[in-house]
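Asker: Quick one: dock chain against chain with the hints and give me the complex.
Quick note, the sequences are listed as chains A and B, same order.
First residue of the first sequence: 65, per the numbering used here; consecutive thereafter.
First residue of the second sequence: 10, per the numbering used here; consecutive thereafter.
In case anyone wonders, no lab produced these hints; they're calculated from the structure.
What you were told as hints is all true, and nothing was included just to trick you.
List of simulated lysine-lysine pairs, PhoX-like, C-alpha gap at most 20 Å: (1) A:Lys248 / B:Lys47; (2) B:Lys128 / A:Lys104; (3) B:Lys187 / A:Lys245; (4) A:Lys245 / B:Lys47; (5) B:Lys235 / A:Lys248; (6) A:Lys248 / B:Lys187; (7) A:Lys104 / A:Lys121; (8) A:Lys248 / B:Lys178; (9) B:Lys187 / A:Lys173.
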Amino acid sequence: MKKIVKVVTPLLDEAVSNLKTGDTVNITGYIYTGRDAAHKRLISLLKKGEKLPIEIKNQIVYYVGPAPTPPGYACGAAGPTTSYRMDPYTPALLDKGLKGMIGKGLRSKEVIESMKKNNAVYFHAVGGAAALIAKSIKKSEVVAYEDLGTEAIHRYYVEDFPAIVVIDSEGNNLYEIEPPKYAK
Amino acid sequence: MRKIQAEKVKNKVKQLFLRANYHIGEDILTALKEAREKEVSETGRSVLDMLIENYRIASEEEIAICQDTGLAVLYVEMGQEVHIVGGNFGEAVNEGVKEAYVEGYLRKSSVDDPVFTRKNTGTNTPAIIYTSIVPGDKIKFMATPKGFGSENMSRLAMMKPADGPEGIKDFVVDTIRKAGPNPCPPTIVGVGIGGTVDKAFVIAKKALFRRIGEHNQDERYARMEKEILVQINNLGIGPAGLGGKTTSLAVNIEYTPTHIAGMPVAVNVCCHAARHAEGIL
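Extracted from the complex, chain B is given alone in its bound form (with noise of 0.2 Å):
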């Protein structure tokens, strides 16, 4: 067993919000430049040139980017041969995710109960994490401030076997076009197939990790991606939803293993500050 201290938890996580809620990634920016040059809406490209230098702004004064820092979700690989030791691994989590974001001049967005006293948390957690065992003696840490304003226009269809591809491409496009300017388009689009209702959302989001450019494995579902991301373009929403070809940077599928009765497909929108960051214990 190779033992890992909770400190050292706590001190990743902490590192991994922050740096995501300052940095925004390499490949996002290039991609918003690409689109800059492309863009045919003069407004189109007065509010691509404004999330450039908001990003630089945002990296160089190491200040949030968004003021919607979002909740803090975690995808965690835990190698079966660690042991977490003088804390507990939940604990330490959370406690990381406290200090990013009052230390770091993060909002705090967490409210206690969602329905009747809302009160605000006052540290951003508790976070939301997913954890799997995997082989080996490291953690890795997957962390994304989660904000709202694209969380709120997801949504999941559970799908008949029969409505194949094209009813996916379909509801896809659908939920894009019904979210229009609320998400803060571009955005980047993750889609989970498969598995339970929680399962495919659980997929979505983590496919919002993957970088621009990227496409699945599977060229069925990366020639999917790239259609469904045509059709979402043609729209002509654009960016800020003021008009024009930019509507999403990316659209990245996961699937996995689902029922012989079902097929769910589950929409996680991300605005175009698809904050994200790495890093391994």
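Excised from the complex, chain A in its bound form (with noise of 0.2 Å):
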């Protein structure tokens, strides 16, 4: 069994050098949710030179759309869409300080370009896993575009949540690293 690392947020840029390619991960913190709608939003923001309605120093966002919740729950099933479609919105929130993404799929060059620049690392999550990840999201929190429905930013706070390491600082990824090891 590998050993597990222990991720915190806020997350600061000592333990984002420390994290490395393949090292399997529970996060414990806050972290935001948003993908394609509210990052289209949090972009044009940025580019009218306006505050973003979310600190997104130092903090992870986790590129996902949940089921709604059920009673009795803190949040229904949440597992992260693929990550490629927030690829031309990311180098700008990286330049803001964003220091960590939680996601499933392959992210393009300028956005590997920017990890390595702003020092910052990408997560992969078991995509399909939700109901079980779920499980690790213990509140949730609608914060901004709630008239987004799915689509708004979320604060959750999770515990344990479990994640791969797949690009680190230095832009290292799993998913070239990994198949052709296996591949004949």
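Answerer: Encoded structure:
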């Protein structure tokens, strides 16, 4: 069994630098959700030079549009969505101090370069393990763009959220490193 | 004529989408457990363990397997002796989808306009309905909530007849290679060959309903399914794209007659959560 690295938010530069591709991590603390529509609005604010509705410095954003919360639950099913759709918006957020992203799937060269420049990390969560992942979400509240419904920005309090470092701050990419080992 | 109340259509559709979104098929669960035993990657095994545990939680607690509860797609075989009474068939289907998604705490993912407003319809409607008229006095419903992580990785090739089976194999394998980790592997790959551009995808998606382990009844196509699956699993992409032997659980090919000048090949990718449910009225 691999050692599990504990990650807490806010995510500081030193902690980012210590995270290495392939590390299995458990994340604890507040994280923010955001996907296509919320990213579009955030970037449009940045372009106009306006203030964002959340402070993203040293934070982690989770690419997810959760299912509605059933009675008695803190959160509905909430697994990662595919990250590349957020690529056009991501470097601008990293420039503003965003330190971590949780999602699934490939990232663009521009995003990886920006992660290296800004010292940030990309975590992989298992797609389709949404009911299981939701167990680590202890609190959920909408903090911006409520009109977007599932795409609103939620603030989650997570305990031991399960993830893997898939691209670290040096740009090492597990999606490129691992598959060739098993290819025939 | 056999009269069927629109209300019954609504209730059946609702029941199918609830079932599909909470309970994964036994065939998929078995295939994942078998893959778990054979997987050589430690990370791959731990991903498969998480998926198996996720399916158990969703089924026991009746919560969504995946937050992407998809667009509601239905294949309907309508007996020509059936007369729908007490309402409109299409409205009844959409009402059933709406009730399932609203009352079942399923995510509403449908936006009204794909380009400009992109406003959520709030009901996960309209459903996408493919109806065929068949002999008899029953209605068969095949319902699938289709997630878009995998839908976005689907591709079409208008191949030359000269490309033959080798060309088809290369195209399908290349589609899965390019998709990498994005469509939530291990995937199920639906392939539709022939017809027109639209028909090829209609049968590719319908192929996703097939039980894991079953093959096309035409042994030439069955052999192609098996060969493509081996090639895909030799890519090394593995569970969640983190490396391993389990990249797809099945390749399901359906074919249909086509034009003398063409050989359309549609690849509809589906994540491991290949959710579907069938029912008859």
